[in-house]
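Order-wise, the sequence lines are chains A and B.
When we follow UniProt numbering, the leftmost residue of the first sequence carries the number 1, and every step to the right adds one.
When we follow UniProt numbering, the leftmost residue of the second sequence carries the number 1, and every step to the right adds one.
Honestly, the hints are just simulated from the structure, not real lab data.
Where hints are given, some of them may not hold.
Only pairs whose alpha carbons sit at most 25 Å apart, straight line, appear in this in silico SDA-like list of lysine to any residue [unchecked claim]:
1. A/K490 - A/K452
2. A/K452 - B/S16
3. B/K219 - A/E247
4. B/K88 - A/T430
Cβ pair distances, simulated, as ranges [to be verified]:
5. B/S110 - A/A25: 54 to 62 Å
6. B/L270 - A/A351: 52 to 60 Å
7. A/D242 - B/F99: 30 to 38 Å
8. A/R469 - B/A60: 42 to 50 Å
Here a beta-carbon is modelled for each residue, glycine too, at the ideal position from N, C-alpha and C.
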Amino acid sequence: MAPRENSHEPGGTPVPVETGFATLATLRIGVKAFVEKDGEKRKAEILSMQTRRGKPTFYVHYEEFNKRLDEWISADRIDLSREVEWPAPEKPEKKKTTTNQKAQAPSKSDQRNQKKSRSKLDREVSATPEATSVNLPGKAPRPTKAGGKENKELLVTSEVTDGSTPKPDDEEMDLVDVQDAAAAAKAAPTEIYSREDEIEKLRTSGSMTQNQTEISRVRNLEKIQMGKFEIEPWYFSPYPIDFVDSEMVFICEYCLSYYGEVTQFERHRTKCTLLHPPGNEIYRDDYVSFFEIDGRRQRTWCRNLCLLSKLFLDHKTLYYDVDPFLFYCMCTRDEHGCHLVGYFSKEKESAEGYNVACILTLPQYQRKGFGKLLIAFSYELSKREGKLGSPEKPLSDLGLLGYRAYWQETIVDLLMEGKVEANIEDLGATTAMTTNDVLHTLQNLNMLRYNKNQHVIVLTDAVIEQRERQKAKEKIKGKRSIDPERLQWKPPIFSAASRTWNW
Amino acid sequence: MTQRVTGQRFRQRKLSTKQNLPVLREHEVEKLADDDAARHIPKVETGVEKGEEIEHHLQAVISASQAAASGGNVAQLYIPTPDAVASKLQYEDLYPRHFTQPATYIRFSSTVEDMVGCPYCMTSDDVIFLKSYNQKKGKTVQCSEDEFEEVMNFFEETSQTKQPFAAVDNPPVVSYEELEAEFDETISEPARRFARDIYNHWKNQRLLKGNRPLIPSLKFETNLETDDSDPYVCFRRREVRQVRKTRGRDAQVTEKLKKLRKELEEARYLMAQVKRREMVIRDQLAMDRQIFDQRTAVKEIKRKLGIKGDDEELLINQKPAPKPKPKVDVQAVQRGIPGMGPKPQLTRPDGRLLDSDLVYLEEQQAKRSEAIEGFIEENLMKHQKWNIGWVDQTWRPITPPLEQAAPKAGFRPVFTSSQLPTPPASESSEAAGDQMEADQPTKQVEPRRSARIRYATPPDDVPYQDQRRFRRRTGRGGRVMIDRRGVKRQKLDSIDERVADRFKYSGDSSEDEQVYPVDWTDNLHIRYRIMIDRQGDKQHAQAAAQNRRAIENHNRSASGYLLPPSNAG
Ligand SMILES: [Zn+2]
């Protein structure tokens, strides 16, 4: 497993790591120590320190664990019998904020943040000639229905190891090449992109990046109450700074307004008359409804939604306003009202051909198959638009798994209809998936093979078996799917002004 | 974890995404050389950030699913996430059962602000205050929670507008008097009764918060440098995105610039011309003045030398005074009017009389039309002669004679309020004066023969039986009836919107020209056409009269300069 640190990554500038024994008093932000987590010792970085009831507590991030598992721990979980890694010495003063007294980190993390944000910039920058990334001369745009950048992003690269230069080819790509491309991507020399670059990127495209100042690395809300649930937030979200002191933030299930005190929330509930997301219902079956909300017309509600979802989406950014997005909100219904279960946002006009910007099933409804419905719905919209779509990158870990599961099921189902032949672009056109996503799905499932001098698609026993098992499960639990007939929707048309920002 | 399949590299052909690939089952393909199928799965980009791609739990799930894809039997793994548990709050109390689903899909556009009532919600401190306040008050005047919130909200909003930068420059809390002065419709009468008493509580709350708003608010951009690094600053206004460049847009812009340049050049040209005109006028004035001066000098000399006689030559460049237009006989003009005196007429440089050889267009045209009319008349007579004693049984006679210039008096005039007959052209003297063109169009409209000759030839494509036939009868009391037969009515409804729409943009004409489907056999239309026809007759008569006048006037004006006013001399 490749280490995560800058210093260890190939091509990165090696930074010597200083190690040594620490005491409780010498522990500081940026120190990496071994911490007990679920019965085992894991290396963790201290992101913040606080004294609670006279005892020091530490906010730690476990290496190779997702940030959502970051937590406050008491001192006794830190193993001081082992050496710790000291943070790199302070760099010359960088601009940084002191808004939150509780969370101050050395500039080391700054540096790392920049590094972290680099990877998603890669893709953006790779289109320009001076970039030294994976896209080599062989790359050629491929016509697709959507014509977005995402749809052209098949990687074709020259083989360095062979010494021969394959001819750039518009229509073909080599399996082996793809593989090498991935390897090359991993080995690509690191470049430092400043926060300015990142903001610049935000200016011109989507919604996903990481807000990487030190404060935002520490979760700011303890707990939220919403509907019938109490939920532990996963990440930082820029709710009013006053809520840092609240034990619980109460969120109205319908208007998503937020209150730091239960009294206020209860008062709000006596006055709030909203019973569903404030937009048009565009889909209804006996299980769920979808509402379409325009960020520009429902600015308050959409801002509330974004604040809420930021609690569970690491890469979501609230840097810019909600105007250029549409929000497709999935609800279950009962006599109380329409309960928001999940949503995805979509740019009114995506230069990259993305059909989803952010996608989230609220934690209280996860692992119930709602994610798949959300994804299916997003592709149903793309089919209506006559476009191929793909979700905005970077994906989260859960996002990746959700999409992979959906892609696998969709493609395997299509192939199991008794097809004798299939071509990758047609599979994409039928499912509104990009050629790239189809190809990657097939490769991932080891379904694309080379047999008797030609490429073939293999419905492997494993894949079939998996699908059969799934179907058996569906028989018991009931299959939930999106019925295109019930979608009452035309692709909205926006004037140039309403696609962007209008105050 | 990066596996490479080096063995196969050199043999594989390129894969085309457009080409049809056979779909096979596992047993139909060659077994892979080694058992570890997972090794053959190429690494593809996941779309997850590199730093997170390597995360423990994700990798565990990915390897599990890859193992499953290669035939292993693996229990489903989940990425662990923090808990969501049932809340202790009484859901039923907070969210009453108010929702009834409409039969049709919900359409909704109200905003959160419309739906949540007063945005201020009481805190527990407020509740305590209100309770004790109401206890002190008598039972008669109790302040309700709604009224309390209304007042608090009014204070909050008013102080926000009065001190928009309270967070920055720390002003004192707004005084009650100032707030009271702002009372408006946002605070109701019943709530105002408590405003003064609530003010102190509000002020205390504000002071506790350092005079910052009591309702926690999001941090928006302040356009200060600190914004960028502050993760709490959110929902910034994004600059309008670059408009995508298209060839169409480029062309549009070019066209606009071209047009602008052309217009500017035209304006410039106009200005230059105006300048030139003014210069010419100036020169002319100077000239006139010089002439005047010299005439004065001549007069002076004449007087000195005692030369008598009229000063005619001094007035040489004076325009003849506008004279009443005499009725002039062209012939007389040409002959030279007797009694005009031997006044020398102006001649052309070659000595001929200026207008002696002028041929007037009107005359020529009149002559021509006379000839044509004569010819037709003649032929008409011939025809009638031929047909004497014959009964016409053919259905296609050669332009048979008509009953002499069928008087249409039998028809009653039809007028509609929507289309009144055009009033006769006004006979203004200017218009009649020197407008040569004016008589041209009217001439063309003259329905010279149309009234006399009937088109007996039926359209070729209609069989005789299907011919339309009309008969006019005069009934009692002079009622006129038109009978018709064989009239096939168009099916109007066959022209559906889409067909009509097809014509909408067919021409480059403007939008307001529209094609209306019309049933020409409709009574309304027949009546309308009759009306038009009669109106046309009237107009033609008028036009003819005007024509005559125009010719006369023209002659007059053309020769006007030549002729002294009739009353002169
Ligand atoms: Zn609400």
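For each hint, the structure was consulted:
1. A/K490 - A/K452: Violated: A/K490 and A/K452 sit about 47 Å apart, past 25 Å.
2. A/K452 - B/S16: Holds - the C-alpha atoms of B/S16 and A/K452 are around 16 Å apart, at most 25 Å.
3. B/K219 - A/E247: 21 Å, holds
4. B/K88 - A/T430: 47 Å, violated
5. B/S110 - A/A25: 54 to 62 Å: 58 Å, holds
6. B/L270 - A/A351: 52 to 60 Å: For A/A351 against B/L270, whose Cβ atoms are near 47 Å apart, the range 52 to 60 Å is violated.
7. A/D242 - B/F99: 30 to 38 Å: 32 Å, holds
8. A/R469 - B/A60: 42 to 50 Å: 20 Å, violated
Checked against the numbered hints above, the structure breaks hints 1, 4, 6 and 8 and satisfies the rest.
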